[in-house]
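Novice: Residues per chain, in single letters:
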Amino acid sequence: MAQLDELYREVILDHYRNPRRRGTIDGDHIHAEGNNPSCGDEFYLDVVIDDGVVTDAAMQGQGCSISQASGSMMMDAIVGTPVDEVREISRKFKIMMTIEEGEDPIDHDRPGSVLGDLEALQGVRKFPVRIKCADLAWTTLEDALNTADEMSSAS
Amino acid sequence: MTDLRSLRSDFPILGREVNGKPLVYLDSAATTQKPRSVLDAMDAYYERHNANVHRGAHTLAGEATEMYENARSKVAAFIGTSAAQVAFTRGTTTSINHIAYGWGLNHLSEGDQIVVTISEHHANLVPWQLITKYTGAELVYLELDDDFIVDTSDIDRVITDKVKVVAFSGMSNVTGAIGPVAELSRAAATVGAITVLDGAQLVPHTPVAADDLGVDFMAFSAHKMLGPTGVGALWGRPERLEELEPTEGGGEMINVVERFHSTWAPVPHKFEAGTPPIAEAVGFGAAVDYLSNIGMDRVMEHERDVTAYALERLSEVPDLTIYGPKDITKRGGAVSFALGDIHPHDLATILDQDGIAIRAGHHCARPLMKYLDVAATARASFYLYNVPEEVDALVASLMTARKVFGLD
Ligand SMILES: Cc1ncc(COP(=O)(O)O)c(C=O)c1O
Numbered sequence: 003m004a005q006l007d008e009l010y011r012e013v014i015l016d017h018y019r020n021p022r023r024r025g026t027i028d029g030d031h032i033h034a035e036g037n038n039p040s041c042g043d044e045f046y047l048d049v050v051i052d053d054g055v056v057t058d059a060a061m062q063g064q065g066c067s068i069s070q071a072s073g074s075m076m077m078d079a080i081v082g083t084p085v086d087e088v089r090e091i092s093r094k095f096k097i098m099m100t101i102e103e104g105e106d107p108i109d110h111d112r113p114g115s116v117l118g119d120l121e122a123l124q125g126v127r128k129f130p131v132r133i134k135c136a137d138l139a140w141t142t143l144e145d146a147l148n149t150a151d152e153m154s155s156a157s
Numbered sequence: 004m005t006d007l008r009s010l011r012s013d014f015p016i017l018g019r020e021v022n023g024k025p026l027v028y029l030d031s032a033a034t035t036q037k038p039r040s041v042l043d044a045m046d047a048y049y050e051r052h053n054a055n056v057h058r059g060a061h062t063l064a065g066e067a068t069e070m071y072e073n074a075r076s077k078v079a080a081f082i083g084t085s086a087a088q089v090a091f092t093r094g095t096t097t098s099i100n101h102i103a104y105g106w107g108l109n110h111l112s113e114g115d116q117i118v119v120t121i122s123e124h125h126a127n128l129v130p131w132q133l134i135t136k137y138t139g140a141e142l143v144y145l146e147l148d149d150d151f152i153v154d155t156s157d158i159d160r161v162i163t164d165k166v167k168v169v170a171f172s173g174m175s176n177v178t179g180a181i182g183p184v185a186e187l188s189r190a191a192a193t194v195g196a197i198t199v200l201d202g203a204q205l206v207p208h209t210p211v212a213a214d215d216l217g218v219d220f221m222a223f224s225a226h227k228m229l230g231p232t233g234v235g236a237l238w239g240r241p242e243r244l245e246e247l248e249p250t251e252g253g254g255e256m257i258n259v260v261e262r263f264h265s266t267w268a269p270v271p272h273k274f275e276a277g278t279p280p281i282a283e284a285v286g287f288g289a290a291v292d293y294l295s296n297i298g299m300d301r302v303m304e305h306e307r308d309v310t311a312y313a314l315e316r317l318s319e320v321p322d323l324t325i326y327g328p329k330d331i332t333k334r335g336g337a338v339s340f341a342l343g344d345i346h347p348h349d350l351a352t353i354l355d356q357d358g359i360a361i362r363a364g365h366h367c368a369r370p371l372m373k374y375l376d377v378a379a380t381a382r383a384s385f386y387l388y389n390v391p392e393e394v395d396a397l398v399a400s401l402m403t404a405r406k407v408f409g410l411d
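Protein chains in written order, with my numbering: chain H, 3 to 157; chain P, 4 to 411.
With the rest of the complex left out, here is chain P (with noise of 0.2 Å):
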């Protein structure tokens, strides 16, 4: 097993106790533990450089941009891609909502169709909902195969010429399963259609070279990769960028204001409308510094081992489901299942009383849920600060969990 196990001291937070407990953080899919080095970047900058980006001569403003700008160009790298191509916003939700509005609104009509998965987060599913309210558009959805995996084996069908946007995410934040990002953006250029990535779980946890994915919209959450929150970044293909329409106005997106007309400022600051996250930004960029110095080949291989373990282990609970591929290749570490007749909020607090923290419910993917015929699912995820022991201490929560509820 690649061993990062030291890396643990990294994380202030995992030395903590809950309810008497080590903690065991197992929501990494809900958003990720910081390492020290992230909050030490976001104090230098507050105690040190603070001012605001873009629009000063003085010294703070030359700094304060400088490191602003820097930490596009870390996350630009981390990404494989040019910092032109990477726009700061609030998350992945706001990065899809850019796109919908953005694109949606001047592209779309009515007898268009948006392609999307049933295996969505809210994020990548509402935005186009409300695009097709106010379009006529039409959401057509891709279904699962029975490993879970978006079922490919009709969308010459179902991605016609009507098509117009294909939306989907990389990794799903319920089921693990990786998404088959060639197979739809193939078929989205045969018609023509845009294709947008959701890779809020992707990201983080594979290696990603944006240029090479065959999408022409990526969108990402530096939370959920050991950055702050209130950032998050919106990547496109260049002449995509050129194409999206900016869906909020304000200072620093513009180039020239008249009374009643403006000219938008490049790309990507067409995008950065308001006083952007500045000191979240320079977190991102720490956090992507953290990444890199280990290597998302390391990262992807630790996770691999560690859930690939969480799976043989849950096989040993008595009346346990998981729902997600068996596959380890198939999959991140993001592992769904229900315990017998136990409802997974009452999972949730019986294992909070042994320090050990997953997420229960419908995980912002309702019409999953109702697909897979469940009410909700608990949710236990892993990143590379997660170890064996942890999977271990899961387990035999379960068997407490099991006692409460009579199941033995």
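If we strip away everything but chain H, and leave its shape as in the complex, we get (with noise of 0.2 Å):
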């Protein structure tokens, strides 16, 4: 049980069952879809980038509790903040689920540190199988933001 009550934790069960931000938007944005073909997790993503910030997102999709969470979770670390630090605690998130002993992604120290309720993730890194779970929003998220800088080099 110990493994099972690291990998979720009540704010997981509470982000599966509440997600934040679910739906679309209706005016500009950018759209981004996701999806694990093998498990059949799917994740739709719509941003709002204004002046360098992300201002606004809605995500829609199914799947396990896994991924839907960390979509949910994705959802308030990212509006409000921007694109740059998006960027950094995208690329923290991906080392923090990589299997291999890397970087620490977790800054200890620092109270409200860089991936903050997204901590809660960690206990994935155990169940090797579910860590593109946890990835889909990521992966997904980072399609929105590579098509935004098309977008704004295009223009």
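Read the hints as simulated data drawn from the structure, not as lab findings.
Since this is a predicted model, take the numbers as computed values, not measurements.
The reader is advised that the hints may include incorrect statements.
[Unchecked claim] Computed far set for chain P versus chain H, every beta-carbon distance over 12 Å:
(1) GLY18
(2) GLU20
(3) THR62
(4) ALA212
(5) THR250
(6) PRO269
(7) LEU314
(8) ASP344
(9) ASP349
(10) LYS406
[Claimed, not checked] Stretch by stretch, here's where chain P covers chain H in the computed footprint (C-beta under 8 Å, at least three residues):
(11) 35 to 47
(12) 91 to 100
(13) 135 to 146
[Claimed, not checked] When the alpha-carbon atoms are kept at most 20 Å apart in a straight line, the in silico EDC-like pairs for lysine to aspartate or glutamate are as follows:
(14) LYS406(P) x ASP330(P)
(15) LYS128(H) x ASP355(P)
(16) LYS134(H) x GLU44(H)
(17) LYS134(H) x GLU152(H)
(18) LYS406(P) x GLU12(H)
(19) LYS165(P) x GLU186(P)
(20) LYS373(P) x ASP150(P)
(21) LYS406(P) x GLU35(H)
(22) LYS373(P) x GLU44(H)
(23) LYS406(P) x GLU44(H)
(24) LYS128(H) x GLU50(P)
(25) LYS134(H) x ASP355(P)
(26) LYS77(P) x ASP300(P)
(27) LYS373(P) x GLU35(H)
(28) LYS128(H) x GLU20(P)
(29) LYS406(P) x ASP16(H)
(30) LYS24(P) x ASP7(H)
(31) LYS406(P) x ASP322(P)
By construction, the Cβ of each residue, glycine as well, lies at the ideal position given by its N, Cα and C atoms.
With the hints as a guide, dock the two chains, each given alone in a separate frame, to form the complex.
Specialist: Okay, structure coming up:
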């Protein structure tokens, strides 16, 4: 049970059952979609980027608690955050999810470290087949950010 | 209960532990475990007889060819047919592709219809989708009744003389439902359509007499019936196999090769281009030997007992929904279910902590998932080596899952 309790923390189940910013955005936005064909998890993301800051975001999709909670926590982490910082959070999140020991993405001394609530997902690392669930929302976000980059360099 | 418990010791893997618990393997619909005799047969082939088949005059080549052809005879006898009607392929998927391309491309055109059922595995859907692209033929679906069984109440209206192919599975890998083989074959025959039976789940779990089924073609895989991966069979009526064009060219499948054209080897060799999976075929032969020694009636009876017990015990779990027939005579041992709002992947992870292997996902049947209006299901599937205590372990672990997700 110990490993399971570490995986399914209270905060993860809360985000699974009460996902933040579920829905779509009506006005101008960037849309990205991700899915894991092997397990059927789906994630749809709308983001609004204004002057280098993520000003709004909404998500839809279906899947396991890990994929959906990861997406919901991502919503909390990115809205109101400058794109550069969002990329840094994403990078640290991916490091946290790698099985090999790498750079420690968690700043243990500073309250409200870069990852915040997202640290609750570190238990996933012990379940290698589930890492792709946690990564789905973030891979979709990277797609959206790349699209935003292309759009701004094209205009 | 027919007790096949003593067989468990024939399966080395059943002795291992997973996460510190004895392995409870409930994923035989995906692939089955292998008895020692299958592993030994393959080892013996490599250790004593390995050579390429059908092409050498030396002793080993003769032995390898004999073992390979002997395996074909065993597989044929297992489904009550002749060796000339069994081609070795890579498995069900490859067999169905042989039929879809080799028959479909040569007989279908715009205005023709291919009938499939909504409960097909992707292996019996996607090849037909590809064929519609190439030929202009159209796919038509049969749906399910309230008991998850293919609804045949309307078949005469669906299977009209536009229909040239009726492709369906003998047993669903998701709901466990047995397919209406006789009804569909009869309806197809009245309009002159060919029938393609996906036997991937039927052949491993019930006695099958291929020649008496009323279908034209059947496909199945060794790895779902105690044999190795990488080999399976394509069965057909003799006249249909003649009519079926080869879809792969190369060595072994030819008679005479000229510069610009060739003639084919006789059936079934014309479907076996290139070096076949020889050791795997030998293992397949050993697998059907193993099953024949027990007797498929007993295998089926045992599975029914275990599955009936599972259905009964699962009905005691609060918030659990089963997607499949309740009537044990209308189903096999694949039991799909959902537990409250716990996603099947989460269930599979939690059960794995207790050493229990189930499958979670769309089970290669996405159109069926949409039809059932679920994103995924959890599936426990049983085979001859499963025992009631494993059902008890499953139920206990599902109760743990309820706790982890705060459902209690
Ligand atoms: C009903 C059914 N059809 C087809 C297949 C495909 O079999 P294979 O992957 O061995 O080709 C499977 C197994 O996954 C199955 O359960």
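Novice: For each hint, tell me whether it holds in the structure or not.
Specialist: Verification of the supplied hints:
With a least CB separation of 23 Å from chain H, GLY18(P) remains clear of the 12 Å interface cut-off, as annotated. Residue placement check: GLU20(P) keeps its beta carbon more than 12 Å from all beta carbons of chain H (closest about 16 Å). Once the 12 Å rule is applied to beta carbons, THR62(P) is consistent with being away from chain H; the minimum gap is 46 Å. No Cβ of chain H comes within 12 Å of the Cβ of ALA212(P); the nearest lies about 37 Å off, and the non-interface call holds.
No Cβ of chain H comes within 12 Å of the Cβ of THR250(P); the nearest lies about 26 Å off, and the non-interface call holds. Consistency note on PRO269(P): stated as away from chain H, and its beta-carbon is indeed over 12 Å from all of that chain's, at 40 Å minimum. At roughly 25 Å from the closest C-beta of chain H, the C-beta of LEU314(P) stays outside 12 Å, upholding its exclusion from the interface. Separation of ASP344(P) from chain H is inadequate, the least Cβ-Cβ distance of about 7 Å not exceeding the 12 Å criterion.
A cut-off of 12 Å between C-beta atoms contradicts the statement that ASP349(P) is not in contact with chain H; the least separation is 5 Å. Its beta-carbon lying about 9 Å from the closest one in chain H, LYS406(P) breaks the requirement of being farther than 12 Å from that chain. Under the rule that three or more residues need a Cβ within less than 8 Å of chain P, the assignment of the stretch 35 to 47 of chain H holds, with 5 such residues. Counting residues of the stretch 91 to 100 of chain H whose CB falls under 8 Å from any CB of chain P gives 0; the rule of at least 3 is not met.
Three residues within the 8 Å Cβ limit are the bar, and the stretch 135 to 146 of chain H against chain P gives 1, so the coverage statement is violated. Our distance criterion of 20 Å between C-alpha atoms is broken by LYS406(P) and ASP330(P), whose separation comes to about 31 Å. This hinted pair checks out: LYS128(H) and ASP355(P) have alpha carbons roughly 13 Å apart, not beyond 20 Å. The straight-line distance between the Cα atoms of LYS134(H) and GLU44(H) is roughly 12 Å, inside the 20 Å bound, and the hint therefore holds.
For the suggested pair LYS134(H) and GLU152(H), the alpha carbons sit about 26 Å apart, so the restraint of at most 20 Å is broken. Of the pairs offered as hints, the one joining LYS406(P) and GLU12(H) holds, with about 12 Å between alpha carbons and a cut-off of 20 Å not exceeded. Proposed proximity of LYS165(P) and GLU186(P) is supported: the alpha carbons are some 18 Å apart, at most 20 Å. Simply put, LYS373(P) and ASP150(P) have alpha-carbon atoms about 17 Å apart, close enough for the 20 Å limit, and the pair holds.
With a C-alpha separation of about 33 Å, the suggested pair LYS406(P) and GLU35(H) falls outside the 20 Å cut-off, and the hint is violated. Annotation: proposed proximity of LYS373(P) to GLU44(H) holds, straight-line Cα distance about 14 Å (limit 20 Å). Using a Cα cut-off of 20 Å, the hinted pair LYS406(P) and GLU44(H) is violated, with the two alpha carbons roughly 26 Å apart. The hinted pair formed by LYS128(H) and GLU50(P) fails the criterion: a straight-line CA distance of about 40 Å is larger than 20 Å.
The straight-line distance between the Cα atoms of LYS134(H) and ASP355(P) is roughly 17 Å, inside the 20 Å bound, and the hint therefore holds. A hinted pair counts as satisfied when its Cα atoms are at most 20 Å apart, and LYS77(P) with ASP300(P) qualifies at roughly 18 Å. Only pairs whose Cα atoms come within 20 Å are accepted, and LYS373(P) paired with GLU35(H) is accepted, the gap being roughly 19 Å. A distance of roughly 18 Å separates the Cα atoms of LYS128(H) and GLU20(P); the hinted pair therefore holds under the 20 Å criterion.
Of the supplied pair hints, the one linking LYS406(P) and ASP16(H) holds, its CA atoms being roughly 15 Å apart against a limit of 20 Å. With a C-alpha separation of about 18 Å, the suggested pairing of LYS24(P) with ASP7(H) holds against the 20 Å cut-off. Restraint check for LYS406(P) and ASP322(P): satisfied, since their Cα atoms lie roughly 13 Å apart, inside the 20 Å limit.
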